[in-house]
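Protein chains in written order, with numbering that gives the first Met the number 0: chain A, 0 to 135; chain B, 0 to 593.
Everything labelled a hint here was simulated from the structure, so no lab data went into it. All values reported here derive from a predicted model rather than from experimental measurement. Using N, Cα and C, we set each Cβ at its ideal position, and we do this for glycine too. Just to be clear, a hint being listed does not mean it is correct.
[As the list claims (entries may be wrong)] Facing chain B, from chain A, some residues (calculated, C-beta under 8 Å):
| no. | residue |
| --- | --- |
| 1 | Leu78 |
| 2 | Arg80 |
| 3 | Asn82 |
| 4 | Gln83 |
| 5 | Leu85 |
| 6 | Ser94 |
| 7 | Ser114 |
[To be verified] DEER-style ranges, computed between Cβ atoms:
| no. | chain 1 | residue 1 | chain 2 | residue 2 | range |
| --- | --- | --- | --- | --- | --- |
| 8 | B | Asn54 | A | Val44 | 36 to 44 Å |
| 9 | B | Ser224 | A | Ala99 | 47 to 55 Å |
| 10 | A | Ala113 | B | Ala150 | 54 to 62 Å |
| 11 | A | Ala99 | B | Thr138 | 45 to 53 Å |
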Amino acid sequence: MQSLKDRGSTQVNVPQRPILAARRRRQLYPFLFHMGPVALCVCSVLLIGLMAVLYLSQVGQAVSANETLVQLHTQEAVLQRQNQDLVDNIAQEQSPSYIAARAQRMGLVPADPASVQVLVVPHLKPVDSHDQRFKP
Amino acid sequence: MSTELKRARNRQMLIFLLVCAGMLVLLGRLYYWQVVEAHSGHNLAQLANEEHVQNIVLSAPRGLIYDAEGRILATNVVRDDVYIEPIQFSTDHPDDYQSSLVTLAHSLHSVLPQVSEDQLYKDFNNGLSKGLQTMRIATRIDPSQSQQLQALRLSDIFLEPRTWRIYPQGSLAAQVLGYVTQSDTANQGVYGIEGQYNALLAGKPGSMTAETDLNGNPLVVGASSEQAPVNGADLSLTINSTIQYFTEMGLAQAVKQMGAQSATALVVDVRTGAVVAMAGVPTFDPNQYWQYANQKGCLGSEDVYFNPALYCSYEPGSTMKAVTMSAALDQHLITPNTTLIDPGYIAFPDAPTVYNWEDLGYGTETMTQVLEHSANVGAAYVAHNILGPSRYYPYLARFGFGQLTGLNDGPETPGTYRTPSNSPQVWTPSDLTRQAFGQSIEASPLQMAMAYATIANGGVMMHPYLVSSINNNGHVTTIQPQVERRVISSSASQLLTGMLMQVVENGLAKTAKVPGYTVAAKTGTATTQGIADTQTEASVAGFIPAQHPQFAILVKIDRPQATIYGGTAAAPLWEAIAQQLMWYYHIPPDDPNS
Chain A
0 MQSLKDRGST QVNVPQRPIL AARRRRQLYP FLFHMGPVAL CVCSVLLIGL MAVLYLSQVG
60 QAVSANETLV QLHTQEAVLQ RQNQDLVDNI AQEQSPSYIA ARAQRMGLVP ADPASVQVLV
120 VPHLKPVDSH DQRFKP
Chain B
0 MSTELKRARN RQMLIFLLVC AGMLVLLGRL YYWQVVEAHS GHNLAQLANE EHVQNIVLSA
60 PRGLIYDAEG RILATNVVRD DVYIEPIQFS TDHPDDYQSS LVTLAHSLHS VLPQVSEDQL
120 YKDFNNGLSK GLQTMRIATR IDPSQSQQLQ ALRLSDIFLE PRTWRIYPQG SLAAQVLGYV
180 TQSDTANQGV YGIEGQYNAL LAGKPGSMTA ETDLNGNPLV VGASSEQAPV NGADLSLTIN
240 STIQYFTEMG LAQAVKQMGA QSATALVVDV RTGAVVAMAG VPTFDPNQYW QYANQKGCLG
300 SEDVYFNPAL YCSYEPGSTM KAVTMSAALD QHLITPNTTL IDPGYIAFPD APTVYNWEDL
360 GYGTETMTQV LEHSANVGAA YVAHNILGPS RYYPYLARFG FGQLTGLNDG PETPGTYRTP
420 SNSPQVWTPS DLTRQAFGQS IEASPLQMAM AYATIANGGV MMHPYLVSSI NNNGHVTTIQ
480 PQVERRVISS SASQLLTGML MQVVENGLAK TAKVPGYTVA AKTGTATTQG IADTQTEASV
540 AGFIPAQHPQ FAILVKIDRP QATIYGGTAA APLWEAIAQQ LMWYYHIPPD DPNS
């Protein structure tokens, strides 16, 4: 029989550390928990699948965004075009020739300068300011 | 070895050999593309990139041109060009190609009447025989036509948008603006403001390189690079559309009434040098400039696209007498009341005798009356006997004759005249006596207008300008009025203004009188050596209101037939323009005697 003291000394002589380290390595590698080869394969497949799904989701979002962008570009071009047409229309309708033609169509005739009565107000100061003249 | 095992081995061998053969074929193909083709000059990588990478030129919108009151004179619109794909069409319709083409042509013609069906067949077959991928069949179609074509959804027909330069006011100020020639690759401003400021107006096109989808739309995913375009600068002119329109209408009417060949008119703000109106007849429509390629202006010497106020120099005739008088007044050599005896002619020892128009003699007349009668004798007397070359020519130079006015630093004619210094071999005193009343000197209408604007502005010449501000993508540059130089003294200017007012009150420019306003003006009836005296250039130059000058106006009618004189051919239009100016700008009447 071995005494407790002996047993204790026997344990000291047994090289336990490398076995523990190997076990731990096996348990830790590649994960922090024990995993058999089948489970590892399944996990890998699941992980790759997840990554693929994420990637496809991203690509899908990008494609969707691209389509939205193309639509917005098209819309912008249409609006720009409409804006330019409207600017052109306004410019045409503001033109003196257009106004004169419209006035003529409405039956208006240019005033005869000879029939204009000019009233001269003595000491009325002529408009001196250049700005005032251009903003009557 | 059993027979079954042997068969199995043979099958394995066969499969192995087939796989090997397949691999060999693939290797051979790989060798072909990677080695043979790579060394045959084809850049396969580039060809592959071209399939899905596009370099897109982002065109910069051309800057707009505004008048002094913010009305648009030149803008841009997008219009579609119509294209057909001949090869694709023939591929898409292998069996019923002809009948499909007939249907297509009919559909196209119903929307685009300008595209004839016969021409379309011809062009289509030509395109097909030449192997053209795409072929343009119509340009710049109307927006309504674009909508109709889009609604029809014709196969192998597509629309390509293109930006076009448009002048909403048609021919208004066409010779000031110029036009833009447009091609598939570039737009180029020609003549006028469009030509002179082309670099500023055109902006800078950008570019985008990106991977594209099957429809050519750029993809968000994938590599791309973009250089944004720089928009063209917007220009604001000093031209007022209303005054310009009235001036152009008046000119066209005057040319018609007088049976004249052409005409020019100018309105200048005397205080700033800003050109308010600048018109010529004949003119053109910049929206359809190509239709005027054969038309001539400047009495047939220049294309109609040239601005006659800048390019068409002429002998100013009697309007020049005011310049002669100003030189003598400024040097205190005469006063308005200085007299001479005018028998209708004056003889010089070193120059030919000068005669008045129709040899009319006026007896003793003052310098004011010389202008009132428009007497050549008096003007020649002042230039030859009082001033002389040394005291006369410096004033012509100071008034800017023979020099460019520098209107926006653009091209123009400087005009010409002989002096003892610039033409020592050919100058004679006869040049001096004739230049005094506007012969033997050529000036542009703008030079004459600026000379009168100088007299009106107290003797100070302003630098003429057309562009009042430049808005370059938010960076606004405002062109300020600039004093060019003092030409005559303020007192000389006042004296001369008084003399010119008398010309309107009592002289040949009575027809230029505007009710309620004081007017200073001088008529001119210039004849040209070598042609009949009835072929004149009738003009009036002056300013209004004379007591507080605001505008200098020049009207010139070339070769009027109904009446040949400045006072009768040009003065009524001068008066009409002046009247409109006073009303338009709400300038109060200043003539208590009217």
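*Violated hints, by number in ascending order, as checked against the structure*: 1, 3, 5, 7 and 11
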